[in-house]
Structures are given as C-alpha cells and as structure tokens.
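2 protein chains.
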Amino acid sequence: MDIVLLGSGNVATHFGKALFDAGHRVVQVYSRTKAQAIVLADALNARAIDDLEAIDLAADLYLIAVTDGAIGQVAAQLPAALNGIVAHTAGSVDMAVLIPHAQKYGVIYPVQTFSIAKPVDFSSVPLALEASDEATYAQLTQLVDPLSTQIFSCDSRQRLALHVAAVFASNFTNHLYAIGADILRKHALDFDLIRPLILETAQKVMAFSPREVQTGPAIRHDVGTMQKHLELLKEGHQGLVALYQQLSEQIYSN
Amino acid sequence: MDIVLLGSGNVATHFGKALFDAGHRVVQVYSRTKAQAIVLADALNARAIDDLEAIDLAADLYLIAVTDGAIGQVAAQLPAALNGIVAHTAGSVDMAVLIPHAQKYGVIYPVQTFSIAKPVDFSSVPLALEASDEATYAQLTQLVDPLSTQIFSCDSRQRLALHVAAVFASNFTNHLYAIGADILRKHALDFDLIRPLILETAQKVMAFSPREVQTGPAIRHDVGTMQKHLELLKEGHQGLVALYQQLSEQIYSN
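Quick note, the sequences are listed as chains G and R, same order. Those letters in the first sequence? Residues 7 to 260, per this note's numbering, in order. Those letters in the second sequence? Residues 7 to 260, per this note's numbering, in order.
No wet-lab data here; the hints were simulated from the structure. Everything numeric in this text was worked out from a predicted model, so none of it was measured. Treat the hints loosely; a few may be bogus.
Any copy will do: because identical chains look the same in the list, a pair fits if it lies in one copy or spans two.
Unchecked claim - Under the rule of at most 20 Å between Cα atoms (straight-line distance), these lysine to aspartate or glutamate pairs were calculated in the EDC-like manner:
hint	residue 1	residue 2
1	Lys192	Glu218
2	Lys240	Asp100
3	Lys240	Asp188
4	Lys192	Asp161
5	Lys23	Asp8
Input sequences plus hints: build the corresponding full structure.
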C-alpha cells in the first residue's frame, strides 16, 4: 500500500520504519520543518514535503503521527478529494476529531514507548485499531497485519483508558526509577545497584499479575520499616514524603 | 564454609540455594516452624532445627534472614560462645542491632526482589556488605564472592537509602503496574496489552538514565491530554486522581 506519513517525531519515525520494513511504500513524509521531513524521508526512500498542498492524492493511507493537539489542524488542512484512509496514532484523541475531514478514517495506536535513541521490536507492539466503518477496519487490519503479532479492536473510550493505564505503568514508573536514582546519588551510590531489581520487577509481571507478586514493607504491614524510610526521606528528600505515604497506604489497604 | 541459616522465607530460600550452589555447606536451617525448616533444609542437604539451643556452635557464619522486627530477637537467643560471624540480610536494619549479641558481625543485603514462585539469577544480584571489623569484612567478601559478580561496601545509613530507592523503583513500581491492570480490567482490556510496554520501560533504563528517557504527557507539558486523563479517572477511578496529579506535577516541574 502507498502511505503518506504526516509527522517526523518518535512515533512517526518508528511507525514509518515498521511500515517500510513490512514492504509498504511510504511515498511522502510531511513535516512543517522541511529538514526533519528530509531526515525521515531519506530513511524511508520517500519524498519530503513541508506543504500540504503538495500531498499525493492517490495514497491508500494518510497516517497522522503528530502531537495530540495538532492532529485536528493537520487533518483540517488535507485536501477534501482524498480517497485514502485518514488515520491518527494517538492514545488520547477521539477518532471523531477526523470526521469533518475525511470519508474513511480510523486510528492505529501503538501501545509502546518510543525513543529516538533505542530501536524497538515493532512486531511485539500491540496495535489498537478503530475505524469509521467495517470496510475501512478491514483495510487497516490488512495494512498493519505484517507489522505486529498483536492487533486488537478498541473504541476511543477504551483507548483513552489504555493510554491512562500506560501512563501509570510506563511514564510514572520511569519517574519512580528517576526518584530511585536521585536517592542513590544523594547517598553516593550508583544507579547500577538497582538496575537488576528494576528489570526483575518488570520481568516478574510478564508471567504473573502484579498483585500476586507485590512485595515490600507496605504489603507486609511493616510499619517499623516504613517509619525508618519516612525519617530518611524527611531529612533529605522532603518532596517525596507525601508520595511515599500515598503509595504505601494504597498498597497497605489493598 | 559452614553456615547456619536462620529463617525459611523468600530471602532465606534464595540465599540458601545460592550458598549451596556456590559450594558452601549449609549445616542447619532454623525456623520457629519446624515444617518450614524441614522443606528448606531438605533442599540444602542441611539439618532442620526449631530450637536455638540445638544450634551448631562451630559454624563460620550465622545468617539471619528473618523479618526485620525479629532479627534482634533471634540474635539475642544465640549462644554467647559463638566464634562464627553473625550477619543479617535486611535493607533497613542497622548493623548495630547485632552488637550486643556477637563479637564478629555484619550484614549481607541482596538488592533484589525475591518470590518463591520465580527463580532468580543470583549472580547478577548486587550484594551490599558491612562488617564489624576489617577481618570480618574480608571473610564475608570471600564467602559471597562466588555468589555474585557485584559486591560492594555500604554502611547502614547508605543501605537504608538503598532500600528506600528500591522501594520506589520496585515495590511502588509494581503497584503502578497493578493500577494499570485495574484500569484495563474496568474497561474490558487485557493486561497483556501493556506487558511489552512495561518490559521496554525497564529495559530502556538498563542503558540510559531514567530522566533522559522520560516520556508521556507530563514531560511534554501536554495539559490537554492530562485533563482528559483526569476526567476519565474522576469518573471511575476517583482514588487515583490525587496520585495522577502528584506524579504528573513532579515530572512536569523537573
């Protein structure tokens, strides 16, 4: 299939490469910043454009992978005559945002965290699909089938919930790693000391449900240890006291 | 070396097996509950005891791997005549708790989360060592050298900080996984959908520092998306609203 990729950030880059590797043809990469469009377009053997007037009218898919707030704006600038599907890739943007701007539209939301610095095995990335109608859904399924082994149907409300769950399990989790690193640094200890623990904690829930494998002072109702931890935090990490208490109370009372 | 293992829970079990596999001789396993002592003792080719009067007086190491609150009590019941080292394995218990009960004492704290259900590669577990004197420290180092590739010196204060960091990066992280699972369940979605994301988030900080790879709406200052997330939480997950706000504000202001 012929695809026009709108966007040149993390998601656009990883998605574009996965589409390219799967044998699809990325005909154009659009970015407001031509230099950025060129970098990605070169990698995908595509043409870079920075003007939506120059968009290819015959593509099968127009994939909008820009920041959430810009999706509607980009869609509004697309020519009215498009026959292809217009889809976005965002977790928290309702599919309805595309209704005024396309006949056939949908969403392909990849449930993964992407960084430019680290390649991702796209075949293991779950893809949440939603479409304006059954024929479009079937076309999108066919399109992403070679990309991932885990494709599932998900309406906009479920997708928003999925995104919130992902924020807790990934973005907030990474912040807890950063807190751990801060505490260690303050006490002249290296982050390497908890790296095996972090990996084991994640690997454990690959096979078990998180509640089954909860450990630590809060789940043991070990008030003495929690008290010692709070005293240490009060001395050098005042900003973490409330967070420690809140998380411990939630675990304790579960 | 000859070792008496005091305790039969998660840490005692994993530690005992690692010591056994490293070629040390575990002569006795003590537990107040004889049946539990027997299970572990059988696995380690050791003798099970439930009475500290029966303790072997000639062992090189008495390793106390019981709940934090019971360490002092167990140490107090040890015979005064022991020549071996008395050590505990806890993150948040000061080494000083052993002073009244032993001539040579120390701490071996494994920085890892242990579950009975899942084996752990002990060789990658960092071991924090502390000892009453240099000779004892050298003996402990020799003893654990075949167990782990990462052995380091750590005083009681640092060890407490390390334990607090571990609580954030592991226990609290696992709780965030559980929150993710709850949100998904409520919206008829499977936890499998965020498992690859959880693993990738952990794997990312094996090579990068957490702050370098922070993603999500809060770090992007994407107020619109955070607002949508809060609205969803207010409708069905009221108990998570404050936590979402607190974590987002910390990330946002970093």
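Verification of the supplied hints:
{"no.": "1", "hint": "Lys192 - Glu218", "result": "between (32 Å within a copy, 18 Å between copies)"}
{"no.": "2", "hint": "Lys240 - Asp100", "result": "between (43 Å within a copy, 18 Å between copies)"}
{"no.": "3", "hint": "Lys240 - Asp188", "result": "within (15 Å within a copy, 31 Å between copies)"}
{"no.": "4", "hint": "Lys192 - Asp161", "result": "between (45 Å within a copy, 14 Å between copies)"}
{"no.": "5", "hint": "Lys23 - Asp8", "result": "within (14 Å within a copy, 58 Å between copies)"}
In summary, this structure violates none of the numbered hints.
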